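Line by line, the protein sequences are chains X and Y. The working numbering puts the first residue of the first sequence at 12, with every later residue one more than the last. The working numbering puts the first residue of the second sequence at 12, with every later residue one more than the last.
Calculated from the structure, these hints are not laboratory results. Note that this is a predicted model, so its numbers are computed, not measured. Careful: at least some of the hints might be erroneous.
Given that identical chains are not distinguished, each listed pair holds provided it fits within a single copy or across any two copies.
What the hints assert, rightly or not - Here are the computed lysine-lysine pairs in the DSS-like style, where the Cα-Cα straight-line distance is at most 27 angstroms:
{"id": "1", "residue 1": "Lys255", "residue 2": "Lys286"}
{"id": "2", "residue 1": "Lys129", "residue 2": "Lys182"}
{"id": "3", "residue 1": "Lys266", "residue 2": "Lys144"}
{"id": "4", "residue 1": "Lys286", "residue 2": "Lys159"}
{"id": "5", "residue 1": "Lys196", "residue 2": "Lys255"}
{"id": "6", "residue 1": "Lys89", "residue 2": "Lys284"}
{"id": "7", "residue 1": "Lys226", "residue 2": "Lys266"}
{"id": "8", "residue 1": "Lys159", "residue 2": "Lys226"}
{"id": "9", "residue 1": "Lys284", "residue 2": "Lys255"}
Number of protein chains: 2
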Amino acid sequence: MKIAVDAMGSDARPVPDVLGAVEAAREYDVEILLVGPQARIQQELDKIGNVPAGIHICNVTQEIAMNEHPANAVREKKDSSIVVGVQQVKQGNADAYVSMGHTGANLAAAIFHLQRIKGIHRPALGALFPTPKGPSLLIDVGANTDCKPEWLEQFAMMGQVYVRAVLGLEKPRVALLANGEEDIKGNQAVQEAHALLKQRAVRNEINFVGNMEGKDVPAHLADVIVADGFVGNIALKTAEGIAKMLNELIRSEIKSNPLSMLGGALAMPAFNKVKKILDYTEYGGAPLLGVNGVVIIGHGRSNHVAVKNAIRVAKRAVETNILETIRNGVAPRE
Amino acid sequence: MKIAVDAMGSDARPVPDVLGAVEAAREYDVEILLVGPQARIQQELDKIGNVPAGIHICNVTQEIAMNEHPANAVREKKDSSIVVGVQQVKQGNADAYVSMGHTGANLAAAIFHLQRIKGIHRPALGALFPTPKGPSLLIDVGANTDCKPEWLEQFAMMGQVYVRAVLGLEKPRVALLANGEEDIKGNQAVQEAHALLKQRAVRNEINFVGNMEGKDVPAHLADVIVADGFVGNIALKTAEGIAKMLNELIRSEIKSNPLSMLGGALAMPAFNKVKKILDYTEYGGAPLLGVNGVVIIGHGRSNHVAVKNAIRVAKRAVETNILETIRNGVAPRE
Numbered sequence: 012m013k014i015a016v017d018a019m020g021s022d023a024r025p026v027p028d029v030l031g032a033v034e035a036a037r038e039y040d041v042e043i044l045l046v047g048p049q050a051r052i053q054q055e056l057d058k059i060g061n062v063p064a065g066i067h068i069c070n071v072t073q074e075i076a077m078n079e080h081p082a083n084a085v086r087e088k089k090d091s092s093i094v095v096g097v098q099q100v101k102q103g104n105a106d107a108y109v110s111m112g113h114t115g116a117n118l119a120a121a122i123f124h125l126q127r128i129k130g131i132h133r134p135a136l137g138a139l140f141p142t143p144k145g146p147s148l149l150i151d152v153g154a155n156t157d158c159k160p161e162w163l164e165q166f167a168m169m170g171q172v173y174v175r176a177v178l179g180l181e182k183p184r185v186a187l188l189a190n191g192e193e194d195i196k197g198n199q200a201v202q203e204a205h206a207l208l209k210q211r212a213v214r215n216e217i218n219f220v221g222n223m224e225g226k227d228v229p230a231h232l233a234d235v236i237v238a239d240g241f242v243g244n245i246a247l248k249t250a251e252g253i254a255k256m257l258n259e260l261i262r263s264e265i266k267s268n269p270l271s272m273l274g275g276a277l278a279m280p281a282f283n284k285v286k287k288i289l290d291y292t293e294y295g296g297a298p299l300l301g302v303n304g305v306v307i308i309g310h311g312r313s314n315h316v317a318v319k320n321a322i323r324v325a326k327r328a329v330e331t332n333i334l335e336t337i338r339n340g341v342a343p344r345e
Numbered sequence: 012m013k014i015a016v017d018a019m020g021s022d023a024r025p026v027p028d029v030l031g032a033v034e035a036a037r038e039y040d041v042e043i044l045l046v047g048p049q050a051r052i053q054q055e056l057d058k059i060g061n062v063p064a065g066i067h068i069c070n071v072t073q074e075i076a077m078n079e080h081p082a083n084a085v086r087e088k089k090d091s092s093i094v095v096g097v098q099q100v101k102q103g104n105a106d107a108y109v110s111m112g113h114t115g116a117n118l119a120a121a122i123f124h125l126q127r128i129k130g131i132h133r134p135a136l137g138a139l140f141p142t143p144k145g146p147s148l149l150i151d152v153g154a155n156t157d158c159k160p161e162w163l164e165q166f167a168m169m170g171q172v173y174v175r176a177v178l179g180l181e182k183p184r185v186a187l188l189a190n191g192e193e194d195i196k197g198n199q200a201v202q203e204a205h206a207l208l209k210q211r212a213v214r215n216e217i218n219f220v221g222n223m224e225g226k227d228v229p230a231h232l233a234d235v236i237v238a239d240g241f242v243g244n245i246a247l248k249t250a251e252g253i254a255k256m257l258n259e260l261i262r263s264e265i266k267s268n269p270l271s272m273l274g275g276a277l278a279m280p281a282f283n284k285v286k287k288i289l290d291y292t293e294y295g296g297a298p299l300l301g302v303n304g305v306v307i308i309g310h311g312r313s314n315h316v317a318v319k320n321a322i323r324v325a326k327r328a329v330e331t332n333i334l335e336t337i338r339n340g341v342a343p344r345e
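With the rest of the complex left out, here is chain X (with noise of 0.2 angstroms):
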């Protein structure tokens, strides 16, 4: 199995890109296509040593970067390290694409070139939420903002599916995110999404257990958490930001006298534990879903570990066939 890896993708690339490339080479049995400029990723190979074979590059001139207009940049930038990684998939020369880099530009290069899976309509985002019991794929998290209710229901077979094949869960629980837990709630898509969930569910084709409020979105009552792209994006930053202005906080104040100051070093190991709980790296990235291609996206501020876990992914999705099961099992309905 080849993966082609955007070895400029992360804030901090080429580095993490290219030593999380490598360990997963070493460790995963897969063969790496580095798509990047060929002498800073050579240069920074050279550094690692000991390079595995199954190690390649891809080169290109260009870079996207962070703050350009998505499609423009797609559209523009022919030979940059996002669009010649996902023509890879296309091409055949690699199985998945992995990128750390900007998340907009990857979706439109994705979904541009690698085209939807016939009778999906609209590919979606899924983001692994982390919770002290397990992670919750989040669907969409930022792909479609307004969204139909046969959007969300793909977004919730497609997460169904994704969650059997990564996460190795049979039955997971899924679940619609709303403004109340009652059938009745929810807007005008969310209404008529359950409606069509619940058909599913009576078919024995999913395992939706029905809405789920925000607050309960960390205590793990789902597996797969539907909503369209700009709510999921919202809850999940707004997830993120909390967890960081908490964390900020009690790190100020406890440095704000020296008895919680000897508090807070022999608590450390405690706040460690928290911190690894919650430890994106730990489920590597964003699947893309609904395209015709394994596309895994990371965040920028990934690091090694990041990387080499958002491979692991992609190669998991690609041992289990999931594009296969997406075609031949969430297209709509006659």
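Could you slot chain Y onto chain X? The hints should help.
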């Protein structure tokens, strides 16, 4: 000034509701009309003792439970504390109404009996969101799910009026909650509301600071954050859920070994300060804006301090005449 207080609102009713009302009467020079079963309230007042002269009781015989359907309950239980409480404002027996009870039933009763202010598309529920740098008003947090752009525009204008009056900010910063900071982000309604608010800003009618991402909600980049009630509810509840989860996780990890436990004990003042900074009880309830009356709805789990603060906020809203300001300043333009 006389304020009607739902004596049967909070989860621990009527204890915190009655005590909070008595303390408010003592501290804020307001008369209170306690709405609830006379005997039960009198019993509570006797326990408290030394009851100020300005405390009155308005007897009712029915109660709306938390699990009742809002509109049905309000229609059927005409002698409940919620329906009678709202009517005290309508009939001019009270200047404002405060309740820690069933949010949906309070919304339904207030909108049905007090009705919308002329020119207001939809009343909206605001919630003061605590951050380390002070509170932001998130509006709407649940009164309206699918919102038109002009509704969002009015939520922004009403939020501005409220924050000016209650927090005393002259030029509050107003933002739209979105899936990115750029002007082009947002779902359809948010994008159109963005354009409307930009026009208002050009006319110097609002200090519109543009789109705000979920991650910046706790960063206090705006004093008023506008969302439809579906999105606002999910953002607010997700934030509450994450804060609760982190708090529990840190506490349980700290308890997992003796050194961490000692550390946790030493750092306790820091934890308590964090808790106080983020304490919703300080801010006293959520205003329902856009109806013909001052209505403040609080959390079911409110203690007497939260009830007292909600009464203080109601008093301030009456004194600063927010109804007239909304009537004269927020009506749609020709």
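Which of the stated hints cannot be reconciled with the structure, identified by number in ascending sequence?
-> 4 and 6
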